[in-house]
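Peer 1: Residues per chain, in single letters:
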Amino acid sequence: MTPILMNSYLQLGFYIAVLIALAKPLGWYMARVYEGKPFGLDRVLGPFERLIYRLCGIKADEEMNWKLYALAMLLFNFAGLLIVYALQRWQDFLPLNPQGFGAVTPDSAFNTAISFASNTNWQGYGGETTMSYLTQMLGLAVQNFISAATGMATLIAFIRGLSRHTAQTIGNFWVDMVRTTLYILLPLAIVLALIQVSQGVVQNFDTYQNVSLLQSTVDANGNVITEQSLPMGPAASQIAIKQLGTNGGGFFNVNSAHPFENPTPLSNFFEMLAILLIGAALCYTFGKMVGDTRQGWAVLAAMTIIFIALLALCVISEQNGNPAFTKMGIDQKAGALHSGGNMEGKEVRFGIVNSALWATATTAASNGSVNSMHDSYTALGGLVPMWLMQLGEIIYGGVGSGLYGMLVFAIIAVFVAGLMVGRTPEYLGKKIEAYEMKMASLVILIPPVVVLGFTALAVVTEWGKATIYNPGIHGFSEVLYAFSSQGNNNGSAFAGLGANNPFYNLTGGLAMLFARYWLAIPTLAIAGSLAKKKHIPSGPGTLATHTLLFVTLLIGIVIIVGALTFIPALALGPIVEHLIQ
Amino acid sequence: MSDKPKARPLFDPPIVRQAMIDSFRKLDPRIQIRNPVMFVVLIGSILTTILFFQAWLGQGEASPAFIFAISMWLWFTVLFANFAEAMAEGRGKAQADSLRRARRDTQAKRLHKSEFSTEYAVISASTLKKGDIVLVEAGDVIPGDGEAIEGIASVDESAITGESAPVIRESGGDRNAVTGGTRVLSDWLVVKITANPGDAFLDRMIAMVEGAKRQKTPNEIALNILLAALTIIFLLVTVTLLPFSIYSVGAAGTGSPISVTVLVALLVCLIPTTIGGLLSAIGIAGMDRMIQANVIATSGRAVEAAGDVDVLLLDKTGTITLGNRHATAFIPAPGISIEMLADAAQLASLSDETPEGRSIVVLAKEKYKLRGRNIHEIGATFIPFTAQTRMSGVNLDGRHILKGAADAIDELVRSSAGQFPAEVRTAVESISKNGGTPLVVAENSKVLGVIELKDIVKRGIKERFAELRKMGIKTVMITGDNPLTAATIAAEAGVDDFLAQATPEAKLKLIREHQAGGKLVAMTGDGTNDAPALAQADVAVSMNTGTQAAKEAGNMVDLDSNPTKLIEIVEIGKQLLMTRGALTTFSIANDVAKYFAIIPAMFWTLYAKPGETKGPLAALNIMGLESPESAILSAVIFNALIIIVLIPLALRGIRYRPVGAATVLRNNLLIYGVGGLIIPFIGIKIIDVILVALGWA
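For the protein sequence lines, the chains are S and H, in the order given.
Under numbering that gives the first Met the number 0, residues 0 to 580 are what the first sequence spells out, in order.
Under numbering that gives the first Met the number 0, residues 0 to 696 are what the second sequence spells out, in order.
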């Protein structure tokens, strides 16, 4: 084994080991929070929690049925969306705008407001050249918390649907939001922000700093450049939650490739860990709350196996190098001086492995932050992030939303397999019947409709084609990537596509809106329906859903549905791009 | 079920002929719209037919021969699915026709009063109404479903049960229900009609079998939703492929976008036509299998629920044990030899025609070589059993031998100042404790000893229960016996639980308790007092010999009146669900291979370098199919033929073995999942080779 290969294995192995090791304690903690059992922090923050309820007039002990829960969720998210829109449109009249940025255009503000409400964090704008500090903090960072908490609350309501029986209600949305934010997201974000600051991530309200270049350079017009403007701002606080809450919207335009967002290998490790941490831990929370932790481990295993397989494909493709460079005679072999491989669009401080790992993790989760440019990946290396999004953002996925998406796939897997064992299918003792299948069908149907539909629209209309800067195969991949990202609430981009214009802002905004809420509503509907059902005790005749066999089946269903839906489109994008070389 | 003499061959020529005709009749869009998957195929067939005519007139998107071939095979796909359904219906109809023969219009002898009399009006059976009273005499056909209110008769019910041995029907008790279309062989009955014409049992049965009234079952509806969702996804995949290919052709600078014919071919290959085409056939065939097992379900829902059953309530007598108790031992009183006791017991039982009595004669003969004697030859007189004395016996040459329950004999002995030996009392108690029934024998007021009567557990039933346990089904024995007796038999038969001293209320309570725990309960019953429990149970099988009330309360009727049938019913229910699941898995898994055939074919020349005939995506043609046309055609042909190939599987149901869920799932995933991935690769390749060999592509 070459040292470079050894190095890759060690880093990847260490990352996954730490992730899985943390899943249990954090998952246990979150289960305590949601089950209302004592967990320590409630002693300290309990009075504050109750104060919030009093101030907001929340009746914490009154539970909601699924319709009310969904309504509260939608209204609250809509309010957040309006606030972010307003902040952007009027930021020039508001404080904390040292650079004096003007109002954001209506279509961009519309896109960004939806983007942050829906936990997508697609960014058609560049942060340091568009948004005031107030917009970043009060609008975007707040939405990072709210959209993450919304996903987690919806998941918890769904889990309650599974674990309760003959019940009408699935929890109180306001209580779930408050507890998620206060006891889970805030403490974790504070810890991570402090770690990031220790590594050199900025956190201030300063105006941008002009510094002299060490080595002067010449611009396109031949002018000698000796100075550079360095953007500042309250970045660390926003970056912590952007990673933890699978938001991914960067404070700066190049996101976590920027030295002020992600300065060191250590900061990189913690940010990567934060991407998948809550998503993985929620699997354990799920197992705990349904009274059988094996169920949680099984789902986590299915996710992790898919993740590792695709991670390997991405790392190997990138390490093998770029065929275009090979033709140019550029040395891409790993050696003593460099890591080798396809380093275009990657930071030297992260190298191949930590770039590819980030790219895989950020698209497995619906995070979408980047520390390298996915557009510059090899055809197969770029196929991995794209396909991970197209699978429906369920490999860990968005916090909350990833697991509820995966559980809907589990319901579909149980349905097909359950019939094969000769019983009406049941999951965790709940019968899966026509109503559940109707709602589950919506959940698997909507993302492909959005992704394929909008991509088709973009590649045949002049509005869409006008800003494809790489006409050709890669241009197709870029459009497909953009809508895969927005249609699954990821938010990362292939770039190379001019997306900040009315056509892409509008279609993308709608894609994000549909993908988020048209999935959350049927999911809550399933929760409501399952909560009402009786619990059937399991026996030798029931299909066990914690076994290796079931994990295999679940992986099979996820892969087959994902492959069958997107292979034709991928064939015209990354696959043909790979084969043509 | 394969050992049933009634099982008809899978492809009965007359049924096949009729099914072929029906396949075309079913092309009616109003029928097709009920099945969203096949409706899409129908639209595709029509579309490609139009495209063919357009090409024929010289302005087509591809060669007319190619479009014609695709179009033809799409039509075949629809026809094959129709054929599968028509075959299933045909087999059901054949069953119904044989039932209907029993319903030639009969005459009814309507009485004016509800008692036996010879004054009646002869009317047509079809004009009988509910509540009419009719007289049925030897040789008459019973004109409608009803209850015997007077008389006793032997009845030939072979028309509906297929069983040639006549059965007894009598007023009162649990054997008073009669079925229209059956024939009285001897004696007479006064019958109160309980069903209006067209509503009778036989009518409902025919309607069920014919599938005319067939409603989709809950699982079938849920599966249909999933299939519809998959169809929409694939519709979207193919529809968007057109703009994608237009873009790609623009980017490549050469070539032409995918033709509509090819897109339709891809769509039909991708949507789950295999399961979509066979789904209703599977449902009808499940019902048909139930009928071949001589069970009539009143709804498809009940058949499906049978597969879900968690708890079986089984009556002890007749189901777990042979109907009657058998003598197993003689225990003499002190000072009496065992031969003496056996001799006395046999004499006392010679005229006792009850099965218990006969078993005593047999035991004495087998164990002590006492030959059965003819009671008239030896000049004995029989003392019959009465409810008052609770004893029976014989008078012979001054010997007065009686046998009966311990307390009855005790009373008798006491009344003549005799002794009831303590040893005998001990023996009586120990027999009771072990689940047996003691019969005490006394001669001239002297106690001779005890006969032990025991329930005989049916051979093989224990293994059956073990199988059920593996399937996750709990068995509960229901008996009127005391708890001790019940426990002994329960242990011997290997049931999981028992309900002793069962009353109708206790049964009902037990069912409700299980249901409250989320379980599905199945039971059999025949008596009127079973009706509440039958109504409460999820799967309730009433015996055909049972009362009308029991039949009304249940959702299935077993024509053989065999309570063990419940186990078979559960198996048929499971098999129905398994067949659907297996074919769904197979259908979806098939798509992988079809992609490898069609995608390279669609983009065969896309992005080809100048001077080359194949583009980069042709590398995905891992099957090495000859040409784009042959690849697409092979996939479409495979897709159509697989429906025909799987018809026998759909009609028979997949093989069922009583093993745990995990094993069943693993086996079926291997066969239908992994098999479904691999088989189409082979099949498509073979078809391609044949097409090339025949020079058609």
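Be aware that one or more of the hints could be misleading.
As the list claims (entries may be wrong) - With a Cα cut of at most 25 Å, we get these calculated DSS-like pairs of lysine-lysine:
id, chain 1, residue 1, chain 2, residue 2
1, S, 531, H, 215
2, H, 461, H, 368
3, H, 461, S, 437
4, S, 533, H, 469
5, S, 531, H, 508
6, S, 326, S, 437
7, S, 533, H, 473
8, S, 23, S, 36
9, H, 608, S, 533
10, H, 108, H, 92
11, H, 445, H, 508
12, S, 326, S, 66
Hints were generated in silico from the structure; no laboratory data involved.
Peer 1: Check the hint pairing residue 531 of chain S with residue 215 of chain H against an upper bound of 25 Å on the C-alpha distance.
Peer 2: holds (24 Å)
Peer 1: Holds or violated: are the alpha carbons of residue 445 of chain H and residue 508 of chain H at most 25 Å from each other?
Peer 2: With a Cα-Cα distance of about 46 Å, the restraint between residue 445 of chain H and residue 508 of chain H is violated, given a limit of 25 Å.
Peer 1: Would you mind confirming whether the straight-line C-alpha gap from residue 608 of chain H to residue 533 of chain S stays at or under 25 Å?
Peer 2: violated (63 Å)
Peer 1: For the pair supplied as a hint, residue 108 of chain H and residue 92 of chain H, confirm whether the alpha-carbon distance does not exceed 25 Å.
Peer 2: violated (31 Å)
Peer 1: Hinted pair, alpha-carbon criterion (25 Å max): residue 461 of chain H, residue 368 of chain H. Please report holds or violated.
Peer 2: Since the Cα atoms of residue 461 of chain H and residue 368 of chain H sit roughly 32 Å apart, the hinted pair is violated (cutoff 25 Å).
Peer 1: If you draw a straight line from the CA of residue 326 of chain S to the CA of residue 437 of chain S, is it 25 Å or shorter?
Peer 2: Violated: residue 326 of chain S and residue 437 of chain S sit about 52 Å apart, past 25 Å.
Peer 1: Keeping to a limit of 25 Å between CA atoms, is the pair of residue 23 of chain S and residue 36 of chain S held or broken?
Peer 2: holds (17 Å)
Peer 1: Does residue 66 of chain S sit within 25 Å of residue 326 of chain S, going by the straight-line distance between their CA atoms?
Peer 2: Measuring from Cα to Cα gives roughly 60 Å; hence the hint is violated.
Peer 1: For the pair supplied as a hint, residue 461 of chain H and residue 437 of chain S, confirm whether the alpha-carbon distance does not exceed 25 Å.
Peer 2: violated (43 Å)
Peer 1: Does residue 473 of chain H sit within 25 Å of residue 533 of chain S, going by the straight-line distance between their CA atoms?
Peer 2: Measuring from Cα to Cα gives roughly 19 Å; hence the hint holds.
Peer 1: Are residue 531 of chain S and residue 508 of chain H close enough, with their CA atoms no more than 25 Å apart?
Peer 2: Holds, at about 23 Å.
Peer 1: Hinted pair, alpha-carbon criterion (25 Å max): residue 533 of chain S, residue 469 of chain H. Please report holds or violated.
Peer 2: holds (24 Å)
Violation of the numbered hints given earlier is confined to hints 2, 3, 6, 9, 10, 11 and 12; the remaining hints are satisfied by the structure.
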